[in-house]
Amino acid sequence: MTTPTSSAAPVPTHAPDPRTAPPLRWGILGPGGIAHVFARAVLGYTRAEIVAVGSRSRERAAAFAAEYDVPHVHGDYAALVADPDVEAVYVASPHSEHREHALLAIAAGKHVLVEKSFARNEAEAREVVDAARAAGVFCMEAMWTRFLPHVVALRALVRRGDIGTPVGLIADHGQAFAHLPAEHRIHNPRLAGGALLDLGVYPVSFAHDVLGVPDRITALGSLTPTGVDGQISMALGFGPDVQAALHTTSLARTATTAVIFGSEGRIEIDSDFYRPTSFTVIRDDGATWDFFQPVDGGFQYQAAEVARRIAAGETESPSITLENTLEVMRTMDEIRRQVGVVYPGE
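Residue numbers 0 to 345, in numbering that gives the first Met the number 0, belong to the letters of the sequence shown in order.
To be clear, the hints were calculated from the coordinates, so they are not data collected in a lab. Do not take every clue at face value.
[What the hints assert, rightly or not] Across the chosen pairs, the derived CB separations fall in these ranges: (1) G344 x D283: 26 to 36 angstroms; (2) D283 x E99: 49 to 59 angstroms; (3) A175 x G312: 42 to 52 angstroms; (4) D129 x E345: 16 to 26 angstroms; (5) L222 x P293: 49 to 59 angstroms; (6) H183 x A311: 37 to 47 angstroms; (7) D129 x R189: 23 to 33 angstroms; (8) R158 x R274: 17 to 27 angstroms; (9) T12 x D75: 22 to 32 angstroms; (10) G285 x G32: 25 to 35 angstroms; (11) G31 x D283: 38 to 48 angstroms; (12) Y67 x D283: 48 to 58 angstroms; (13) R55 x D129: 20 to 30 angstroms.
It should be emphasised that the depicted structure is a prediction, and the values quoted were computed from it without experimental measurement. Think of the CB as a built atom: it goes at the ideal place given N, C-alpha and C, for glycine as much as any other residue.
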């Protein structure tokens, strides 16, 4: 709902209810922590089913299946993607394996939702994009933030001109992960670890969503003892006058807020900006109003988007096209280049 504190116009559009999306039969590739979040959202707030789960460890797959009443358990990924009951595969493995697993699902003729970051780099992401386009299957990066009610609303307000012409954006995402062991995926270069691909992808993708593709990138970072990025400050330029100041760190919990500012006002997005939250519009003429729509979970909105697009015979989402994903990956490649992070095999 919108709660105006002035005569400001209401938000012009709303995120559709995930429960109105068509049914879809999901297979889960990789039953890790993020897959549990996805499963709870899909089963609790959409009409979709989870019909299969696959893991290299049949025991892990069986435990996941028991928790969510999933009928088919597979002890390898090839069997999962070959399962005839599966319509779409949610790729929830580490970043380092997204390319391989997405290609496996696409080769089996399955639609795919690939966790962010979509791949380790743009080259790998392009392989997946090209394969999906050639196969004619739906493919999307699981950047769930773009489908949340507050982001749908603020995007509409910016486009309507409520804060005038956008001038810039500030966003950060930091979590206190320094205590985790060196072999944990966040610190492990073999698993494409580091703050940027795990956390920084949120502010980078948010800036892309609001401002477009940067033509100037400057990054300052520090590395962890394992050789991945522990902290990065990023300055992005969009033409001569528009800028974004972004930050990510795995060393501390930050405010995780964001601000979009324009020639006639600003939008302040509360913590955590990338999760379901609220925002306040503050115009230079004194008008202010708030937006808040209570949401449980959040992943259901992206899952519903996949179901709607597949039912419509579409192979991409306009909210995050495959080209958008490649643009974000290209930006992060340049940030990593400047910071000095190279993954094994790149």
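### Query
Out of the numbered hints, which ones does the structure contradict?
Checked against the structure, the hints that fail are numbers 1, 5, 9 and 10, while the rest are satisfied.
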